[in-house]
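Protein chains: 4
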Amino acid sequence: MQEIGELAARLREFAAERDWEQFHTPKNLAMALAGEVGELVAEFQWLTPDESRQVTGDPEADARIRAELGDVFIYLTRLADLLGVDLLEAAADTLEHSALRYTPESYRGSARKAPPLKRPENR
Amino acid sequence: MQEIGELAARLREFAAERDWEQFHTPKNLAMALAGEVGELVAEFQWLTPDESRQVTGDPEADARIRAELGDVFIYLTRLADLLGVDLLEAAADTLEHSALRYTPESYRGSARKAPPLKRPENR
Amino acid sequence: MQEIGELAARLREFAAERDWEQFHTPKNLAMALAGEVGELVAEFQWLTPDESRQVTGDPEADARIRAELGDVFIYLTRLADLLGVDLLEAAADTLEHSALRYTPESYRGSARKAPPLKRPENR
Amino acid sequence: MQEIGELAARLREFAAERDWEQFHTPKNLAMALAGEVGELVAEFQWLTPDESRQVTGDPEADARIRAELGDVFIYLTRLADLLGVDLLEAAADTLEHSALRYTPESYRGSARKAPPLKRPENR
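Chains G, A, L and P are the protein sequences, given in the same order.
When the letters of the first sequence are read in order and numbered with my numbering, they come out as residues 1 to 123.
When the letters of the second sequence are read in order and numbered with my numbering, they come out as residues 1 to 123.
When the letters of the third sequence are read in order and numbered with my numbering, they come out as residues 1 to 123.
When the letters of the fourth sequence are read in order and numbered with my numbering, they come out as residues 1 to 123.
Simulated from the structure, these hints should not be mistaken for laboratory data.
Careful, some of the hints might be misleading.
When chains are identical, the list treats them as one kind, so a pair holds in a single copy or across two.
What the hints assert, rightly or not - In the EDC-like style, the derived pairs of lysine to aspartate or glutamate whose C-alpha atoms are separated by at most 20 Å in a straight line are:
| # | residue 1 | residue 2 |
| --- | --- | --- |
| 1 | Lys118 | Glu89 |
| 2 | Lys113 | Glu43 |
| 3 | Lys113 | Glu21 |
| 4 | Lys113 | Asp86 |
| 5 | Lys118 | Asp50 |
| 6 | Lys113 | Glu39 |
| 7 | Lys118 | Glu51 |
| 8 | Lys118 | Glu3 |
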């Protein structure tokens with residue numbers, strides 16, 4: 001697959017073939033997303049941050065994590081599709097907002113949280 | 001933006017300009033992803049499944065949810081980029097696997113969980 | 001067991017016997033908690049709210065959910081113990097705060113979110 | 001408060017006074033729990049494991065984390081109460097099971113995952 005739109009279309013078809021639209025409410029899909037992210041987090045829970053950078057060197061862990069990233073992306077794409085949200089546009093807007101909020105001058109090397117932007121940039 | 005690869009490249013640049021690569025370990029990014037998914041889930045927690053289908057009719061909720069989907073997608077893309085995983089490929093593999101596991105004949109209209117596939121299809 | 005303090009003491013001993021204190025940082029325990037809560041959420045993801053009220057009528061689902069509640073409570077207790085937080089006191093404080101924020105007169109039958117309290121009650 | 005049962009009783013009363021039982025389905029409470037755990041995880045996301053051990057030295061972070069632990073415990077207690085699960089008993093059962101699965105001899109100093117127990121100990 002080359003594009004998110006194509007994935008979204010396949011997921012629509014996948015649900016329709018199984019009469020699963022009844023289960024795919026935004027509420028339920030947000031829960032499914034949370035469940036899959038929980039599995040992903042669990043892969044990293046006992047690793048040090050440095051070990052987590054090397055995790056793909058273990059073929060079994062690599063396969064599990066790749067499958068979990070696939071699961072997370074599937075539910076995220078399906079949820080966004082149902083809500084009519086373009087993920088790339090939403091991410092671009094978030095990034096633009098973050099660039100104003102976290103200027104390189106003030107936040108270089110710092111993980112502290114910025115205060116909300118003043119309007120009208122604030123969302 | 002048109003493609004996930006472009007988003008990943010922007011996020012790399014965004015982190016580099018702020019000297020944030022030190023914070024962006026897979027472990028930390030998985031946590032950030034979990035935090036954002038928690039915010040997304042909270043948007044739906046008191047809604048009925050039907051109400052959750054209508055949530056974008058409320059402009060304030062719609063803007064919040066769109067921003068949260070952007071946040072989730074950003075951390076997911078950044079994490080996958082650091083781990084060298086192509087999200088669309090991973091999703092396609094997951095979907096292929098699910099198509100074998102959840103055949104339309106056996107799972108039409110059913111939300112029950114399938115047993116794992118037997119090897120070699122199993123992962 | 002009759003008390004949280006007794007559970008916390010057993011968990012300390014359990015970790016010490018296995019030399020697991022090195023893994024039990026607050027960061028790691030918060031991740032483990034998130035992973036277990038993800039499993040709990042997954043139990044309910046395709047159920048309607050009404051079906052979720054009946055879930056303990058299925059002995060297998062009941063056993064899984066009970067075990068997951070146990071897992072969640074264990075990590076929560078261990079995390080709070082390491083941070084020196086008394087869970088019952090913290091809950092009582094939260095509840096007192098919520099009682100001011102969500103007065104029965106203004107929030108009866110409503111799931112809307114209250115604005116933050118003004119200081120000094122605000123935290 | 002001295003006991004979980006007392007907290008559960010107060011939460012029942014709190015919900016009844018606000019006519020909130022209609023929102024407090026197990027499904028919704030599991031989501032609320034996931035949302036609060038997401039906030040807790042976010043507190044630790046950019047900290048190193050060592051920094052996370054010192055987090056309560058920062059009075060503001062300490063107050064936020066304490067409040068979030070209170071929130072998590074409240075939703076966990078409310079959910080368990082609705083499902084008729086005694087959290088201390090469930091935790092004791094989990095711990096007994098883990099003691100068989102993770103023997104000190106085999107798992108000292110190791111964070112690797114144990115295989116499931118064979119029946120009848122397995123659950």
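Problem - In rising order, the numbers of the hints this structure does not comply with - result: Violated: hints 1, 4, 5, 7 and 8.
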